[in-house]
Amino acid sequence: MTNTRFSRRSLIALGGAVLATGTTGLLLPARAAGLAPTPSMRGGSNNYRPGAPIVDRIGGGGFWMTGTVRRAGDGAPLPGQRIQIWAHTTEGHERDPQSHGATLTDANGQFRLEMPQIVPAFGQPHGHLAYDSGEFETVFLRPIMASSKDKTLAAHFVLQPL
Amino acid sequence: MTRALLIWTVLALVLAVPLIAAANSPLLAWRDPVYIIAGFAGVVGMGLLLLQPLLAGRYLPGLSPLTSRRLHRWIGIALVTAILIHVGGLWITSPPDVVDALLFVSPTPFSAWGVIAMWAAFAAACLGLYRQRLKLRFRVWRLCHTALVAVTITGSVVHAMLIEGTMEIMTKTTLCALVLLASARTLAKLRVWDVHRR
Numbered sequence: 014m015t016n017t018r019f020s021r022r023s024l025i026a027l028g029g030a031v032l033a034t035g036t037t038g039l040l041l042p043a044r045a046a047g048l049a050p051t052p053s054m055r056g057g058s059n060n061y062r063p064g065a066p067i068v069d070r071i072g073g074g075g076f077w078m079t080g081t082v083r084r085a086g087d088g089a090p091l092p093g094q095r096i097q098i099w100a101h102t103t104e105g106h107e108r109d110p111q112s113h114g115a116t117l118t119d120a121n122g123q124f125r126l127e128m129p130q131i132v133p134a135f136g137q138p139h140g141h142l143a144y145d146s147g148e149f150e151t152v153f154l155r156p157i158m159a160s161s162k163d164k165t166l167a168a169h170f171v172l173q174p175l
Numbered sequence: 002m003t004r005a006l007l008i009w010t011v012l013a014l015v016l017a018v019p020l021i022a023a024a025n026s027p028l029l030a031w032r033d034p035v036y037i038i039a040g041f042a043g044v045v046g047m048g049l050l051l052l053q054p055l056l057a058g059r060y061l062p063g064l065s066p067l068t069s070r071r072l073h074r075w076i077g078i079a080l081v082t083a084i085l086i087h088v089g090g091l092w093i094t095s096p097p098d099v100v101d102a103l104l105f106v107s108p109t110p111f112s113a114w115g116v117i118a119m120w121a122a123f124a125a126a127c128l129g130l131y132r133q134r135l136k137l138r139f140r141v142w143r144l145c146h147t148a149l150v151a152v153t154i155t156g157s158v159v160h161a162m163l164i165e166g167t168m169e170i171m172t173k174t175t176l177c178a179l180v181l182l183a184s185a186r187t188l189a190k191l192r193v194w195d196v197h198r199r
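Those protein sequence lines, which keep their order, are chains V and S.
Position 33 of the first sequence, counting from 1, maps to 46 under the numbering used here, and the rest follow consecutively.
Position 92 of the second sequence, counting from 1, maps to 93 under the numbering used here, and the rest follow consecutively.
Please keep in mind that the hints were generated in silico from the structure rather than gathered at the bench.
It is possible that part of the hints are untrue.
Here are the in silico distance ranges between beta carbons for each label pair [said to hold, decoys possible]:
(1) V/D109 with S/L20: 22 to 30 angstroms
(2) V/A89 with S/L85: 29 to 37 angstroms
(3) S/D33 with V/Q173: 35 to 43 angstroms
(4) V/G147 with S/L130: 47 to 55 angstroms
(5) V/D163 with S/L20: 47 to 55 angstroms
(6) V/Q173 with S/G89: 37 to 45 angstroms
(7) V/G74 with S/M162: 48 to 56 angstroms
(8) V/G74 with S/V106: 28 to 36 angstroms
(9) V/Q173 with S/V106: 19 to 27 angstroms
(10) S/L130 with V/Q173: 49 to 57 angstroms
Everything numeric in this text was worked out from a predicted model, so none of it was measured.
The beta-carbon is built from N, C-alpha and C at its ideal position, and this holds for glycine as well.
Use the sequences and the hints to build the structure in full.
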């Protein structure tokens, strides 16, 4: 008969190993729900103007807002989703209508919209994005630029079907 | 006399240079007048925060204790006004951002520091306004006033340092450091923690 009894030493070693692995994130709990939906960010909906028109470019351009849209659960890319974008830029305040525009995701669930350079406003260089088309739960994002000199900013949506 | 002139000159420079630097900020080109005024009210407020401990500690040459005290009162009123213009101007520029800040649900960490500093400043000003009526012993009153002011100063400095705004970083850091230094020096000189009668 094989000896399966745990000694105190082996228990500590095993427990320690599990804990150490757990902190690295390699041990994942069973993910029945799959990819979790993106929650709205604080202040994300500030100065939102519903129904921004789909445009080729907001204003004169020079800056790129990029990102992806996927479905919660299986993570499938979602084509044709309307993403609304606004920010305080070199061409206007967040509230100004000309600072708002929308674009659609491509076949790979990716979007990119050219817009004027985002400049720091209310203490941080940041942008606003909204998914608010009704098919999935509404999400408002407020990503912050690592540097106000950046020429691009990315934001990613994982949407929860209604 | 030369020493007094030197102190006043340095003080004038310390207050003026951050304003001049902020006036040259590239961000101003993309802001409406109301937003610009709101920002400058904040810069002015930080300058007034430097004057207050200097007046309370009677450090400024040529001013009698009575003049120092009166000026401290007027600068206090000016500071409250500057805060109101700062917050009011930001409210007009972007109401939801200011509402978030006032309700402590803002995504920006510096907002809460600023709002706490604002309320502490208002409370400190109220203590000043109602000193006679409160009938507190002077040293107890002063300890309360100073405690609130300490919150205002700490909050304001953290608020300003975390913000990427019109203030130029070197002048902002210097002004904030001087505010902290002047406050600490005055606290130590007046021994505000000692509430027993001498």
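key: Hints breached by this structure   = Failing hints, ascending: 2, 5, 7.
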